[in-house]
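Colleague: Below are the chains, spelled out letter by letter.
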Amino acid sequence: DTGVSQDPRHKITKRGQNVTFRCDPISEHNRLYWYRQTLGQGPEFLTYFQNEAQLEKSRLLSDRFSAERPKGSFSTLEIQRTEQGDSAMYLCASSPQGEYEFFGPGTRLTVL
Amino acid sequence: KNEVEQSPQNLTAQEGEFITINCSYSVGISALHWLQQHPGGGIVSLFMLSSGKKKHGRLIATINIQEKHSSLHITASHPRDSAVYICAVIETDKLIFGTGTRLQVFP
Chain A
13 DTGVSQDPRH KITKRGQNVT FRCDPISEHN RLYWYRQTLG QGPEFLTYFQ
63 NEAQLEKSRL LSDRFSAERP KGSFSTLEIQ RTEQGDSAMY LCASSPQGEY
113 EFFGPGTRLT VL
Chain B
7 KNEVEQSPQN LTAQEGEFIT INCSYSVGIS ALHWLQQHPG GGIVSLFMLS
57 SGKKKHGRLI ATINIQEKHS SLHITASHPR DSAVYICAVI ETDKLIFGTG
107 TRLQVFP
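Chain order of the listed sequences is A and B. To convert, take the position in the first sequence, counting from 1, and add 12; that gives our numbering. To convert, take the position in the second sequence, counting from 1, and add 6; that gives our numbering.
These are computed hints drawn from the structure, not numbers from a lab. Just to be clear, a hint being listed does not mean it is correct.
Dumping the calculated SDA-like pairs for lysine to any residue here, alpha-carbon to alpha-carbon at most 25 Å [unchecked claim]:
# : chain 1 : residue 1 : chain 2 : residue 2
1 : B       : K59       : B       : S32
2 : B       : K100      : A       : E40
3 : B       : K100      : A       : R43
4 : B       : K100      : A       : Q66
5 : B       : K74       : B       : G46
6 : B       : K100      : A       : E64
7 : A       : K23       : B       : G46
Non-contacting residues of chain A with respect to chain B, defined by C-beta distances greater than 10 Å in every case (computed) [as the list claims (entries may be wrong)]:
#  : residue
8  : K23
9  : T25
10 : R43
11 : Q53
12 : N63
13 : Q66
14 : L67
15 : F77
16 : S78
17 : T88
18 : E90
19 : E95
20 : G97
21 : S99
22 : A105
23 : V123
C-beta: ideal position from N, C-alpha, C; glycine also.
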């Protein structure tokens with residue numbers, strides 16, 4: 013499969029625990045985006061990378077959230093000290109610059 | 007007020023009907039996407055357009071930049087078209103999404 017992949021697909025955690033999600037973009041895409049989607053809402057932008065550089069972070073991304081793309085390929089999104097409000101679908105997308113974004117299947121996070 | 011508004015929020019149709027979903031936005035954009043999201047979360051880009059009209063199969067998307075408005079039309083709708091359709095605008099390299107239109111097409 014040469015599409016965008018995300019791991020894990022589902023994560024259930026207890027409040028206060030740390031979680032890390034991984035996104036593997038389409039290999040030749042230099043842009044990688046993270047979005048969050050809560051039930052009944054459209055996705056919301058969190059952050060994006062061009063190659064390994066993190067170019068923009070949303071105000072939604074509190075200090076508990078950190079994203080990396082160390083070699084300009086895969087990316088990780090870590091949430092520290094999870095809260096129930098963090099429960100959402102976390103979507104990753106990649107694109108060649110200025111072109112269509114291709115979305116991954118998402119990681120559904122449930123914080124108990 | 008959201009920067010991207012869609013209407014209607016929910017839409018039901020009988021198979022074969024012509025469907026229109028509308029999107030209005032309030033920010034300056036470089037382009038607009040129409041996306042389809044099926045249950046379970048998978049999102050597929052249907053169109054990216056910055057002017058005029060695009061057609062792909064039974065789907066047609068139009069945009070009027072001056073009026074800050076776009077429409078997605080589905081001709082001869084089919085139950086497999088049932089999904090959430092999301093309008094998203096590109097503002098300075100990132101997407102701003104509408105809340106989506108849930109479409110159900112019954113046989």
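Colleague: Is it the case that A:N63 keeps its Cβ farther than 10 Å from each residue Cβ in chain B?
Modeller: The claim holds: A:N63 sits with its nearest Cβ about 14 Å from chain B, beyond 10 Å.
Colleague: Report holds if the minimum CB distance from A:T88 to chain B is greater than 10 Å, and violated otherwise.
Modeller: 19 Å, holds
Colleague: Regarding the pair B:K100 and A:Q66, is the alpha-carbon distance no greater than 25 Å?
Modeller: Holds, at about 13 Å.
Colleague: So is A:T25 really clear of chain B, every C-beta pair being over 10 Å apart?
Modeller: 18 Å, holds
Colleague: For the pair supplied as a hint, B:K100 and A:R43, confirm whether the alpha-carbon distance does not exceed 25 Å.
Modeller: With a Cα-Cα distance of about 10 Å, the restraint between B:K100 and A:R43 holds, given a limit of 25 Å.
Colleague: Using Cβ atoms and 10 Å as the threshold, tell me whether A:A105 really stays out of contact range of chain B.
Modeller: Label violated. Min Cβ-Cβ 8 Å, cutoff 10 Å.
Colleague: Mind verifying the non-interface call on A:L67? Its CB should be farther than 10 Å from each CB in chain B.
Modeller: 7 Å, violated
Colleague: Against chain B, does A:S78 hold up as non-interface, every C-beta pair farther apart than 10 Å?
Modeller: For A:S78, whose nearest Cβ neighbour in chain B is about 18 Å away, the distance exceeds 10 Å, so it holds.
Colleague: Taking the closest pair, is the beta carbon of A:G97 still more than 10 Å from chain B?
Modeller: 18 Å, holds
Colleague: A:E90: least C-beta distance to chain B exceeds 10 Å?
Modeller: The claim stands: A:E90 keeps its Cβ more than 10 Å from every Cβ of chain B (closest is about 20 Å).
Colleague: Checking the smallest CB distance to chain B, is A:F77 really beyond 10 Å?
Modeller: Label holds. Min Cβ-Cβ 16 Å, cutoff 10 Å.
Colleague: At 10 Å, judged by beta carbons, does A:R43 keep clear of chain B as stated?
Modeller: The claim breaks: A:R43 does not keep its Cβ more than 10 Å from every Cβ of chain B (closest is about 8 Å).
Checked against the numbered hints listed earlier, the structure breaks hints 5, 10, 11, 14 and 22; every other hint is satisfied.
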